[in-house]
Structures are given as C-alpha cells and as structure tokens.
Amino acid sequence: MNFFSVQGISLTIGFILILIGLWGILTQRNLIRIIIGFTIFNNGVNLIIVALAYMKGRTAPIIDQVVTRTDAVDKVADPIPQALVLTAIVIGVGVTAVMLSYTLRMYRAKHSLEINVFTESKW
Amino acid sequence: MVTPIHLVSVALGTAFLLGFTKDRNWKISGGLVLLALLLMNLISGSWTYALFFGDQVPVQVFTAGFKPPFSINLQMGRFEAAITLMINFAGLLGAIYLFDRLKKAGRYAFMVYMVFILGLNVAVMTRDLFNLFVFMEITTIATAGLIFLVQTGKAAAAGLKYMIATSIISGVLLIGIIFAYSLVSTLNLDGIIDGGLPLIKGGAMVVFLILIALLLESKPFPANGWGLDVYESAHPGIGAMLSVATGPMIAYVIFKVLPISGGAWNHLIAITGIITFVGSNFLAIKQHNTQRLLGYSSVAQAGILLIAIGLQKELGHTFIYVAAGLLMTNYFAKAGLFWLSGLIKGESLQDWTQLKGRPVLLFLFGLFVFSLAGFPPSPAFFAKWELIMQLASHGGYVWMVFILIGSFFELIYLTRWFGQVIGSKEKSSAQPDLATHRLVPVGIMGVGLLGTMVFFLHHYAPDLAIDFIPIIFIAALFILDFLPAFLKNTVTILAMGWYLLQHISDVQNDTVRLIFFLIFLAGGAISLLAGFSYKGKRIGYYPFVAMTFVGLTGLVTATTTLGFFLSWELMALGSYLLISRGKNAQKTSWIYILFSVGGAYLLLMGFGVSFAVTGDGLLSSLGIAARALPAVGILLTIGFLSKIAAMGLHIWLPGAYAEAEDDATPFIAGIMMNAGIFGLILSLSIIAGHPFTWWLGWLGVITAVGGNILAAFQEDAKKLIAYSSIGIMGYILFALSMNIQMAWMAALYYVVLHFLYKTILFLAVGGVIFRTKTREMYQMGGLIKKMPLSFISVLIGIIALAGIPPLAGFGGKWLFYNAVVMNGWYLQGALVFFSGVVAFLYCFKLISAIFLGQAKDRYRHIKEAPVWYILPQYLLIIGLLIFSVLPELVLQPVAHALRSMPGEGIQWDGHFAQTSFGYWNAFIVMTVIAIMFVILLAWLILNSRKAQKVKQFDMVFAGETPFTPETSHVAYNIYAPFNKALGFLVVPVTTWFWHATASVTDASANHLRKWYNGNGQTYALQMVIYIVMFYLIIRGGF
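Residue numbers (this note's numbering), protein chains in the order written: chain A, 27 to 149; chain B, 765 to 1802.
No lab work stands behind these hints: they were computed from the structure. Nothing here was measured: the structure is a model prediction, and the numbers come from that model. Careful, some of the hints might be misleading.
[Stated by the list, open to error] List of simulated lysine-lysine pairs, DSS-like, C-alpha gap at most 27 Å:
| id | chain 1 | residue 1 | chain 2 | residue 2 |
| --- | --- | --- | --- | --- |
| 1 | B | Lys918 | A | Lys148 |
| 2 | A | Lys82 | B | Lys965 |
| 3 | B | Lys1050 | A | Lys148 |
| 4 | A | Lys101 | A | Lys82 |
| 5 | A | Lys136 | B | Lys791 |
| 6 | B | Lys867 | B | Lys791 |
[Said to hold, decoys possible] One-sided excerpt, in silico: chain B residues whose CB lies under 8 Å from chain A:
| id | residue |
| --- | --- |
| 7 | Tyr1638 |
| 8 | Asn1707 |
| 9 | Lys1710 |
| 10 | Ala1711 |
| 11 | His1771 |
| 12 | Ile1791 |
| 13 | Val1792 |
| 14 | Ile1797 |
| 15 | Ile1798 |
Glycine residues also receive a C-beta, built at the ideal position from the N, C-alpha and C atoms.
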C-alpha cells in the first residue's frame, strides 16, 4: 500500500484523529470537551473503516444505470465496510447523545462540568 | 422448535410496540414486557431442554436468506441456549423486581429494558463479529439508560464513566474488527477462525485489538474502576443484571471469540483472570458499601471464570462443570444478594442487621454468601474442587496457590459480612422493604441455587461416594425448624442413634475408624442431651448441629478425597454457624472460620497433589502418592494442625469454645476436635518416619507446654478448659509424631480419654454457667453444696485429666512413658511431663474456684444444674469408669490395628499389661483404690458424727468491704507468682503475629483501593495504560 495514495492518507488521518480524540479524552477537564474528544475519536475510526474499503478507480456500491447488477463486482468498492460505517456512525450518535444527557444531569446536580468534581463513588 | 430468531423478534417487536402505548397505561406496557420476557424464556428454555436432554442438534439461523459471509448468522447450541436462558430468566425476574421503578419512569424505561435484554441475547447468539459489536453497543447504551433509573448525581457520574470506558473499548474493538475483515475478507467468526489470523502479517495485532477490547469489557483488575462505580451507584436491580446477565454474556463472547488467536491467548486470558480474581477479592476486604462490595465480588467471579475459559484445554471434559459451577453460583447468589440489598434501607453492610429476626431472609442471605464462598454443596465448591484437581494434574501448582489465595480473600469479607449481620449487638432500627414483588425473585433465586446444588451433588455422587440420607436430614431440619427445640433435639439424637446402628458394620473392621465413629455418633448423641434444658424453638441451631455431625460422620465413612473434603467443609461450616450463635461470638467465630478454611485449603492442595500423582481420588491412594511426593502428607498434616490448634495456629480456639453456647461447647470441644486427630492419623500414617515428623514432635511439645501454662492463667472457666484442650492436643500430636506402635496406641488412648473427660468437664461447667450466668470463676465459689453432682463430675474429670490413678488418665501416662523411652525422645518427653505438672495447677484452680471456698451471697438459692446437663455427664462417667477398669477393651483392638507399625507392643495377660519397661494392671489399681476409698470414707463418717456443722455465711469480712469481687476470691489470679516466673512463656507472640498479618493486609487493601479515585478520566487513562502494558508484555518489549 502506497503511503501517499488516497487510502494511505485517509488511514493516516484516521489514526491521527484517533490520537487527537484520545488526547482530548485524557487531558481535557471539561465534560463537553471530553465528549468532543470522543466524537473526534469516532470520526477517526469511521475514516479508517471507509479507507479500508477504498479500491482505486471504483465507484460507490449503488446499483443504478452506471453500475448494473452484472458488472457491479468489478466496478464498485467493497460495500460491506460502507454498510458498517453507517451503523458505526449511528451508534456514535447514540453514544454521544447518552453522554450529553448524562452531562446535563451531572451539571444539574453540581453546577459544574469539571470531570474531577464527580468522584463520589470511588475506592 | 421455535426458531431462535424469535428471541430477537419478540424483544424488538415488543420494544417497538411499547412506542404505541401511553405512560398512564403502564399495565399494558408492563404486561407486554413481562409477556415478551416469558416468551423468550420459553424459547431459550425449550432449546436448552432439547439440546441438553433431547436429541436436538445445534442450529444456525441465517438472516436474509444468504449464507455467511454474506449474511449474519445466529447460532443456537448448548452454550447459547443455556446462557440466553440465564439472561432471559434473570431478565424476567429482574423486570418483576424493578417493575415499580420502571413503571414510574414510563414506557421508555420498559423499552430500554427490552432493548437491553435483546442486546444480550443477540451478542450471545451471533456468529458475526460486526454484529457482535453492534449488539454489545446496544447493550451498553441500554445499560447507560437503565443507570438513569436512579436519579442521583452519583449515578449520573457513574453512567458517564461507564460510557467513557465502553466507548474506548468499542473504538478499539471496531478497529480490530475492520482490520480483521480487511485481512480475511469475512466478518463471520468461523470464517475468521479458519482464516488463521495469527499466521497472516498484521494478524497478531488484529487479534490483540479484538481480544483486549473484549477483555476490558469483562472489567479486568485493575482497569475496572468504571465498572465498580456503576455497581455502587446504579439501582441494585441493575447491578444484579450487570453481574448475572451482562457478565455471562461477556464471558461467553470471550469464549467464542478466543479461538481467533489459535490458542495463543488462552493462557493470557487465564492470567488476566487470576489477577482479577485475587486483586478484586483483596480490595473487597476494605469495602463497607454493600453494592460496591458486591461489585468487587462480581468482578472477581468474572475473573475466576476467565481462568476456566483460559485453561479450557487443561480442564478437558471437566471444563463444562467448572464453568457451569462458577457461573451458576454467581448467577443465583449474586442476583439474590443484589436484590436483597434493594430491600435493605441504607447502603452499608451494617444495615443488613435489619434481617435479624427474619429467619427465612437470613437463611437466604446465608445460602447466597456461603455458596459464593465455595462451601459445599454449592456448585462453586465442586467447580473449585475440579479446577484444583485438574490444575494439579497439569502441574499448575502456582495457579492453584493463587486461586486459593483469592478464594481466601473472598472468604474474609463474605464471612465478616455474615458475622456482622448475625453477631452484631446493634440492630438497625430501620425496617426492610418487604414488597412481595421484590421478595419473590430473591426466593426464586434461592430455590434455583438449591436445585443446582442437587444437580451437582447428583453429578458428583460417584466421586463423593457418600451417603446422601444425612444430607437430606440436614435439609429436612432446615424446613422443620419451626418446631419446638425439644422435638428437634429428640429427632436429631434418634437419627444419630439410628445411623450408628445402621452403619457400624461399615467400619467394624477398622478399629481406628470405629473409635472415631463411636465418639462422633454415640458421644455426640449423649452430649446433645444437654439441649433438652433449653425451651423455645432455637431457630437456626439444629440444622447446624446436624451439619456438624453429618460432616464428622462423613469423615469417617468417606472413601474418596472429595467425600472427605466435602464432609470436612460441612463440619467447618456447621460448627462455625453454631459458634457464631454465641452472644459475643462475632469476632471469635470469624477467626475460627478463617483458620478452618485456611487449613481446608491446604487439605485441598494436598488432595490435588495426590490426584496429580495417582490420577484417582481415593483416600486409599494417598499413601502411594505420598511415597512419590511426601508433600502430599506434609500439606495435609499442616492443614489438620489448624484444626487441633497446634501452637501458632491456636488463637481461634479459646474464644470459639468460650463464646459458643454452653451446650454446644461440649461437642465442639470434646467431640469435633477429634476430627483434626482423625485427619492427622490419616496424614501421618502416610509419611511416618519422614524427617518432618521430628519437627512435628517438637511442635507437639510446645503445644502441650504452652496450652497448659496458658490454661493455668485463665479466669474464664470455659477458656481454661479450652486451653487445656490445646495442651492435650499437644500430647496427641507429640505421640503421633513418633513412628512406633506404642506411641500411636497412647495417642488413640488419649483420644478416647480426652473425649470422655473433656465432654464431662464442659457439660459440668456448662451446667454451672447455666445457673450462675457467668463464666468468670472468681464470681463463683462455694458451689459444692449447691451443686454436688456437678462437683463430682468435675472432680472425676480432673482426676482423669491429671493422670492420677485409678482413673484412665494414669494409663495414658504409663503408655506415654513407654513410648518416649522406646523412641529415645527424652528431652521432649521430659518437657511433656513437665506440662503434665502444670495441668495440676489448672485442675486445682478449676475445682477450687468454682466449688470450694466461700459461696457468694447471690447464689444462696442456686439450684443444681439442670438434669439434662447432669444425665449425659453421668453416662460419660460410667463410660470413663469402664474405660479405666478395662482399658484393654480399647487397647487390644487398637494394638491389633497398629500391629504393622514398628516397635514393641503390650503383652496382655488378662488385665495385666506388660512391656519391657514395666507392667500395669488397671483392674487391680482400681480395686485397691476403691477398697481404700470405702474404708477411709467409712472411717470419716464414723469419726465425724460429733462434728459441728459450720454454715456458709457464718463469717464477716473483718469489717471491711472488698473493692472488687475478684479480690475477695482466693482463686482470682491464684498463680500470679508463676506468672512472674514463667510469664515470658505466655507472651502472646502468636496473637501479635496474626494481628500484624491482619493489619498489614487490611492497610494494604485500603491503600491499594485508592487507585480507583473516582475520576472517569483517570479510569480512561488506566485503560489505555492497561492496553499498552498488555501489548508490551505479550510482545516482550517495545
């Protein structure tokens, strides 16, 4: 795999996004920023999924006038990761929503968004 | 059969349908949910039945009509069926338990609950890796939703921590899955396994990502703070589901995905498991919050399950029983405990005292706790047994040791919790919430656990080779515990008598066994007579008495190591529960059970090593095993030493004997203690002559001297006799350490003798305490005229104890002299005889302090001890007299049994016993002394006709009032000068040592748990570090 190909660049960016996201998750104190870290992290993962499905010179796996049933196998990129990434995005949205709703509840409880305030259960 | 896809359709369909209901129509939404869960139970249940008991074969369901890799396939095999049944059953009961909470939260809460159960089901059944990811995420999000049921900031924070952790996990998992797909072009699990990932370049990394993610999901120590916080903060109903539904799901997912590593990860998983098991149980020691404690315990249980999964190859065909035993114990017990914790008002363990006075709930609580702790016949007991045996036979001794260490930590906090609930003097004033819909699920889990016990007992019946009727008898006593005490006492005594008559022929040919069999059953039945003095129901007494005696009887009749070990543990548990009934027994009973089980674990190791050598579990094979590896005998011996309270391991004994109820002490001290001796005979007979026994001989000497000296300084009558027991155990240990016939004869002679006089003494003193309500001897005094029969008993008891002719104690000394001289252990022998002199001191103290001297005013109208205390004493005295006159009744068969041992025996000629060192005729001695006694008595009576009687209280205190009652009693601190001279011998070094060990353990657990600082971000960092460290370790560096 060529490092400077579309696939190589996408994969690299994907990993960089994951690391940026992780950095945000591990260093930011503000809950909203941490959640943003997670969305960046998820975007990185999703980008990697898409990048892996990339096949040079092929088109989207949608059967229409351009791509017919018979020649789909040779013309389209791998459809499975494409399907997977959609699922992953949906799940990511769900996770973000749940995290945000927790944050809301936490803010109401202590009027703070600092993560180190919420250490009631420990040890 | 209903296709398993309907597990999905029913759950999903119901969740959708709920969208059309209204919150106020909670009856409809709730009814739908319960109906759906019931249906799902029927589906999983019918598959489980058909796959395990019918001829149904596993099936695969393909979605969308394609075959994999183009479609998702679900599998329904034995594992899937059983685990979905566990999930759906817990789901149904959990829904009932949480019903009012879900109802309050509205139809969306019902919906989330259904989705949660759906996610778990599919994650178990699916064979598609991406599908697995999706449904694990669905489960996660649904769990997060359910955490919301508790509306506190604490729960919200825990929920967010949970989301942070699981999001990191799912990111790692997803990357792993997608790379797996790019390498082998399929998402089908079987396809990936066949694809041989480890052989492909980059494949090892993919395996790492997938498995580390799944492993993290199982909350491995120490990267699991997020999981613990959720357990602590979520509703107990949700905690239960996490432990008993999510837990098995994750364990099974790891099990089914593990083959992608081609076996390379098996041991890694097991190592993670053992670290989790030991670490979590260790930190749990410092927990006081119920739910957090249960969380630690759940994590630990997941850990031990991972050990089984990782070592499945080593376990072979036993894997299924190990896994099922561990899984099912945690399933029933943990759900029960979580649900019970929801009934209790308050979060602390102390709040569980609300259960006091509610026998059924206490029974369930005890059932759950002791099952988790691995006491028989819980499934975990069999699972651990099998695990240890198989590990030993694969040379996995290190595994074995760590599993037992982890189990011991578990025992520490579980038994302390239980002891706190039943032993604490303070009772929480709050009332538990006893709503029916919450009680029923707890009860069902209890019944389920009992059913599983029956199943495991049935399965292991051939290995146990024990009689099940006594175990059924215990169960019956639990059920009939509402009957009056005298009835239960009668039934227990009759049952023991019946069993004795029925089974005496089984042991008739083995004199050693016969002696113990008679002591345990006949002696036990006699000592139980004292129980007739108590009125009322005494709930929770007789089932444990029965448990103790069934255990004791089982020891004698067992032929297999498993049967022996089960009996041993039953006895330990039964006696622990009896001791813990004492008023001030909370701490002492706890120490007792820790020492008992600590010793039992050494037995387990010894049996494991034996199994490794011989490959069978027969007691008779122990000798063969010990010849190859003496470690067998040494481990067993050390294990038994804790039961006989050898010096260093004795600190449990005085407290336990003193604090037990007064009619329980006689059979715990006089009868049960012989179990340790029986064990030592077993273990020492297989390593006779080993250099180790020389050290053991010295330990016997130290125990004899130490026990007797300590006894002399006691003020508490029961403690005095208790320490004296330690001394006698020292004699017996010393004798058994000598590999000669005469010494063993002396040991067995002492066994019978000690049983007789120790039971007499404890019964007599128990009767006195029954009347005086105090155990302090200086508060008694002058009771000879009020309690003449008790006085005569104690007098006879101490004459026998001190070895004064004509009673049997003298014979014991005579045998001892012979043995010591024959074996040439002069120094040791001299010390043991010195300790015999010390015995005179405490014998005198016992009788003088209680019965002689001035009577106390408050006991002016005291009566003789109850007849039910006196009767067994005199029955035993008759036995003692017969034994004293005709010792050959015991000694001759014993000599016959020991004939193969080296050394000279006794030559018998009628009543005349002779060795090369001298002769002894017990019959003549008794006759002569009896004649002298009669003559002297007659002379005394004749001479004292004109004597003037001086009544007690015909005196004054010289015009002064003593400050404290003890200073007015001559017996108080009577041996103070000796204490000055010999006090250095009784410095409580052992107590210090064990206290220090306990404090260090406690403090380090307290220190280490600070690792979980409660900050979600720290937990995330810990997980990242865990991943990196794991990677570095398996790759052997950077």
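Structure-based check of all given hints:
Between the alpha carbons of Lys918/B and Lys148/A the distance comes to roughly 10 Å, so the proposed pair stays at or under 27 Å and holds. With a C-alpha separation of about 22 Å, the suggested pairing of Lys82/A with Lys965/B holds against the 27 Å cut-off. The hinted pair formed by Lys1050/B and Lys148/A meets the criterion: a straight-line CA distance of about 12 Å does not exceed 27 Å. With a CA separation close to 10 Å, the supplied pair Lys101/A and Lys82/A stays within the 27 Å bound.
As the CA atoms of Lys136/A and Lys791/B are separated by approximately 36 Å, the hinted pair breaks the 27 Å bound. Simply put, Lys867/B and Lys791/B have alpha-carbon atoms about 9 Å apart, close enough for the 27 Å limit, and the pair holds. Taking 8 Å as the C-beta cut-off, the interface hint given for Tyr1638/B is violated, the closest approach to chain A being about 59 Å. Using the Cβ-Cβ criterion of 8 Å, the hint placing Asn1707/B at the interface with chain A is not satisfied: the shortest such distance is roughly 78 Å.
A hinted interface residue such as Lys1710/B counts as satisfied when its beta carbon comes closer than 8 Å to some beta carbon of chain A; here the least separation is about 81 Å, so the hint is violated. A cut of 8 Å between beta carbons decides the hint on Ala1711/B: the least distance to chain A is about 75 Å, and the hint is violated. The criterion of a C-beta within 8 Å of any C-beta in chain A is not met by His1771/B, whose closest approach is roughly 10 Å, and the hint is violated. Below 8 Å, beta-carbon pairs count as interface contacts, and Ile1791/B has none with chain A, the closest being about 11 Å; its hint is therefore violated.
For Val1792/B, the interface hint is violated, the least distance from its beta-carbon to any beta-carbon of chain A being 12 Å, above 8 Å. At a threshold of 8 Å, the smallest CB-CB gap from Ile1797/B to chain A is about 21 Å, leaving the interface hint violated. For Ile1798/B, the interface hint is violated, since its Cβ never comes within 8 Å of a Cβ in chain A; the closest pair sits about 21 Å apart.
Hints 5, 7, 8, 9, 10, 11, 12, 13, 14, 15 from the earlier list are contradicted by this structure; the remaining hints agree with it.
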